[in-house]
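For the record, the sequence lines run as chains A and B.
For the first sequence, counting from 1, position 293 maps to 294 in this note's numbering; every step adds exactly one.
For the second sequence, counting from 1, position 69 maps to 383 in this note's numbering; every step adds exactly one.
Since the hints were derived computationally from the structure, they do not count as laboratory data.
Heads up, a few of these hints could be off.
Only pairs whose alpha carbons sit at most 27 angstroms apart, straight line, appear in this in silico DSSO-like list of lysine-lysine [stated by the list, open to error]: (1) B:Lys-341 / A:Lys-178; (2) B:Lys-360 / A:Lys-173; (3) A:Lys-296 / A:Lys-279; (4) A:Lys-200 / B:Lys-341; (5) A:Lys-200 / B:Lys-360; (6) B:Lys-369 / A:Lys-178; (7) A:Lys-263 / A:Lys-200; (8) A:Lys-267 / A:Lys-200; (9) B:Lys-452 / A:Lys-209; (10) B:Lys-452 / A:Lys-206; (11) A:Lys-182 / B:Lys-341; (12) B:Lys-341 / A:Lys-174; (13) A:Lys-123 / A:Lys-138; (14) A:Lys-138 / A:Lys-178; (15) B:Lys-462 / B:Lys-452; (16) A:Lys-200 / A:Lys-174; (17) B:Lys-360 / A:Lys-209; (18) B:Lys-349 / A:Lys-200; (19) A:Lys-174 / B:Lys-349; (20) A:Lys-209 / B:Lys-349; (21) B:Lys-462 / A:Lys-206; (22) A:Lys-173 / B:Lys-462; (23) A:Lys-182 / A:Lys-206; (24) A:Lys-173 / A:Lys-200.
The structure presented is a predicted model; accordingly, all values stated were derived computationally and were not measured.
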Amino acid sequence: MKSVADSLMWIIMLCRFVYIDTAMIRYISILLLSLFSFVMPVCTFAENEAAEEEKAKIDPKSIIFEHLGDGYGWEVPFNHHKRIPLPVIVIGTDGLHVFSSARVTHGQVYKDGDATFMIAGKDSDHHGKIVEIVNGKEERPIDISITKNVCALFISVIFVAGLLMWLARHHKKWNYKAPRKGLGAIEACVTFIYDDVIKATLHDKARKFAPYLLTVFFFILGMNLLGLIVVFPGGANLTGNIAVTLVLAILTFLVTNIWGTKHYWKEIFWPDVPLWLKFPLPIMPIIEIFGMFTKPAALTVRLFANMMGGHMIVIVLTLLIFIFAAVSPVAGGATTVVSVLFSLFMLCIDVLVSFIQAYVFTMLSTIFISLAQEHEHEKEEKKEEQNTKPVAVAVK
Amino acid sequence: MDLFTPDFGLIFWMFLAFAILFFILWKWAWPVILKTVDNRADLIDKGVEYAQSAKEQLDNARESAREVINEAQRKQAEMLRDADRMKTQIVEQARAAAQVEAQKVMDSAKMQIEQQQKEAQLQFRNQVSEFALQIASKVVKNELKDQKAQTQLVNSLLDEIESK
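Model the full structure from these sequences, guided by the hints.
Here it is as structure tokens:
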């Protein structure tokens with residue numbers, strides 16, 4: 002393997018020596034790398050017989066769920082044993098405990114004062130989570146650890162806040178002079194959401210709800226995009242985590258209902274239907290109340306499933322390489338090329354999906370909020386909008 | 315399934331993170347950004363309106379300029395015509411004055427001529443009468459040599475006076 006890498010280096014050096022232009026070098030490098038990817042599995046197979054045994058033990062399911070789920074440390078690229086340690090914060094039976102995740106990462110038992118903690122094993126009910134061992138039994142403490150996802154959450158907050166503060170500073174400095182380049186792209190997103198979604202749906206109430214809706218949009222977009230970066234500052238499957246989407250949906254639910262108009266509540270408890278539908282058996286109110294909760298549920302699941310699906314496909318494609326490499330080195334080589342190309346394609350699609358899902362979440366939130374902003378005379382107009390908007394979703 | 319059970323810790327941190335992000339953006343970012351975005355939209359609207367009105371004004375100005383030019387041209391033509399008329403008038407007047415003057419000259423000349431003619435006639439008559447008297451005196455002188463003729467003449471003259 003070393004010899005192959007060496008020869009590759011030599012060839013590239015030679016290319017530079019004979020003044021082949023950069024584009025040419027690029028093509029040659031790609032060609033050589035793809036050749037290399039065919040050859041390498043065969044080489045490793047030949048060089049290291051022991052590796053085969055290790056690969057045979059690959060458990061795709063656990064790998065997939067490990068990557069999709071949360072963790073107490075953050076993986077470092079090219080190393081399975083080292084993890085960036087993150088603080089574990091738990092409230093156990095005897096109060097608050099804070100310690101580094103490095104103490105429990107590899108299944109060690111950690112004693113902090115009188116309490117004993119460890120990460121539950123595979124066959125436990127709390128698989129992969131911190132548990133406190135009380136009288137030989139595993140008990141789940143209140144766990145508010147800074148896990149990988151929480152850490153990624155903070156990074157997203159800093160990332161999004163930084164970008165938008167940058168834009169705000171530009172605006173403060175240059176007033177209404179339009180920004181260029183990167184800032185221009187951010188502003189294009191702002192105006193896209195603000196003008197085409199929020200203003201178009203909420204009209205005169207746009208300014209009131211815009212901060213919330215725009216924050217939601219940029220937060221989701223930031224989390225989505227950071228999740229697509231494979232190594233450290235990104236890679237956490239945040240928006241593909243149901244807790245995150247649930248919180249966002251609950252917030253939209255709260256905003257919708259707290260600022261709901263009298264007419265909105267009347268429509269729920271005493272809708273405009275024949276009397277027998279609401280009295281003595283409140284059929285319609287029950288359906289309406291049920292509808293109140295299906296909206297956030299739909300929001301939760303839509304974002305969660307879409308983003309998780311994207312991550313899962315890329316992981317599965319990557320795993321295919323190892324699964325096929327275990328079968329035969331040649332098949333592994335061929336799969337590498339195909340998988341990498343497909344992963345690339347899927348990641349490109351995911352960039353698009355990241356934007357679309359953030360957009361859809363914001364748009365649906367806007368519509369839910371606007372439906373709760375109805376007044377008697379606006380009813381017809383809003384209903385029309387309600388009919389037209391899902392078409393836009395379908396088109397997207 | 316692990317994936318479908320929301321984790322309490324993450325929910326807690328998510329609420330907190332969102333609250334922090336929302337507060338930061340709500341306090342420092344959105345008011346500025348939305349204000350400028352709205353202002354810019356207004357500015358653009360106003361700019362378009364202004365451009366339209368400016369174009370209208372320009373059109374109007376062009377129209378009025380054309381009117382002014384037309385007016386000026388009309389006036390110019392009028393003035394030229396006036397000048398022409400005045401010129402002919404002056405020429406006419408001059409001609410009339412000249413004629414009058416010429417008439418006068420001619421009249422005075424005629425009068426002079428007439429006077430001279432009269433004088434000449436008078437002179438001529440005087441001379442003729444002088445000549446006639448001389449001739450007559452000579453004739454009489456000749457005639458009166460004879461007594462009889464003298465008496466005859468005196469008689470005829472007396473007859474003549476008597477008949478008168």
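Now for the hints, and whether the structure bears them out:
Pair hint Lys-341 (chain B) plus Lys-178 (chain A) holds up; C-alpha atoms about 22 angstroms apart against a cutoff of 27 angstroms. Only pairs whose Cα atoms come within 27 angstroms are accepted, and Lys-360 (chain B) paired with Lys-173 (chain A) is accepted, the gap being roughly 21 angstroms. With a C-alpha separation of about 22 angstroms, the suggested pair Lys-296 (chain A) and Lys-279 (chain A) falls inside the 27 angstroms cut-off, and the hint holds. Taking the CA atoms of Lys-200 (chain A) and Lys-341 (chain B), the gap is near 21 angstroms; set against the 27 angstroms cutoff, the hint holds.
Restraint check for Lys-200 (chain A) and Lys-360 (chain B): the C-alpha separation of about 19 angstroms stays at or below 27 angstroms, so the hint holds. The straight-line distance between the Cα atoms of Lys-369 (chain B) and Lys-178 (chain A) is roughly 25 angstroms, inside the 27 angstroms bound, and the hint therefore holds. The suggested pairing of Lys-263 (chain A) with Lys-200 (chain A) holds, with an alpha-carbon distance near 22 angstroms, which does not exceed 27 angstroms. For the proposed pair Lys-267 (chain A) and Lys-200 (chain A), the alpha carbon gap of about 25 angstroms is at most 27 angstroms, so the pair holds.
At most 27 angstroms may separate the alpha-carbon atoms for a hinted pair to count; Lys-452 (chain B) and Lys-209 (chain A) exceed this at roughly 156 angstroms. The hinted pair formed by Lys-452 (chain B) and Lys-206 (chain A) fails the criterion: a straight-line CA distance of about 153 angstroms is larger than 27 angstroms. The straight-line distance between the Cα atoms of Lys-182 (chain A) and Lys-341 (chain B) is roughly 25 angstroms, inside the 27 angstroms bound, and the hint therefore holds. For the suggested pair Lys-341 (chain B) and Lys-174 (chain A), the alpha carbons sit about 17 angstroms apart, so the restraint of at most 27 angstroms is met.
For a cut-off of 27 angstroms, the pair hint linking Lys-123 (chain A) to Lys-138 (chain A) stands: about 15 angstroms separates their Cα positions. Between Lys-138 (chain A) and Lys-178 (chain A), the direct Cα distance comes to roughly 64 angstroms. Violation of the 27 angstroms bound is thereby established for this hinted pair. Restraint check: the Cα-Cα separation between Lys-462 (chain B) and Lys-452 (chain B) comes to about 18 angstroms, which is no more than 27 angstroms; the hinted pair holds. For the suggested pair Lys-200 (chain A) and Lys-174 (chain A), the alpha carbons sit about 25 angstroms apart, so the restraint of at most 27 angstroms is met.
Using a Cα cut-off of 27 angstroms, the hinted pair Lys-360 (chain B) and Lys-209 (chain A) holds, with the two alpha carbons roughly 24 angstroms apart. A threshold of 27 angstroms between alpha carbons decides the hint, and for Lys-349 (chain B) with Lys-200 (chain A) the separation of about 14 angstroms falls inside it, so the pair holds. For the proposed pair Lys-174 (chain A) and Lys-349 (chain B), the alpha carbon gap of about 13 angstroms is at most 27 angstroms, so the pair holds. For the given pair, Lys-209 (chain A) sits about 13 angstroms from Lys-349 (chain B) by alpha-carbon distance, which is consistent with the 27 angstroms threshold.
Between Lys-462 (chain B) and Lys-206 (chain A) the alpha-carbon distance is near 165 angstroms, which puts this suggested pair outside the 27 angstroms criterion. Simply put, Lys-173 (chain A) and Lys-462 (chain B) have alpha-carbon atoms about 162 angstroms apart, too far for the 27 angstroms limit, and the pair is violated. Proposed proximity of Lys-182 (chain A) and Lys-206 (chain A) is contradicted: the alpha carbons are some 31 angstroms apart, above 27 angstroms. Our distance criterion of 27 angstroms between C-alpha atoms is met by Lys-173 (chain A) and Lys-200 (chain A), whose separation comes to about 23 angstroms.
In this structure, the hints that do not hold are numbers 9, 10, 14, 21, 22, 23, in rising order.
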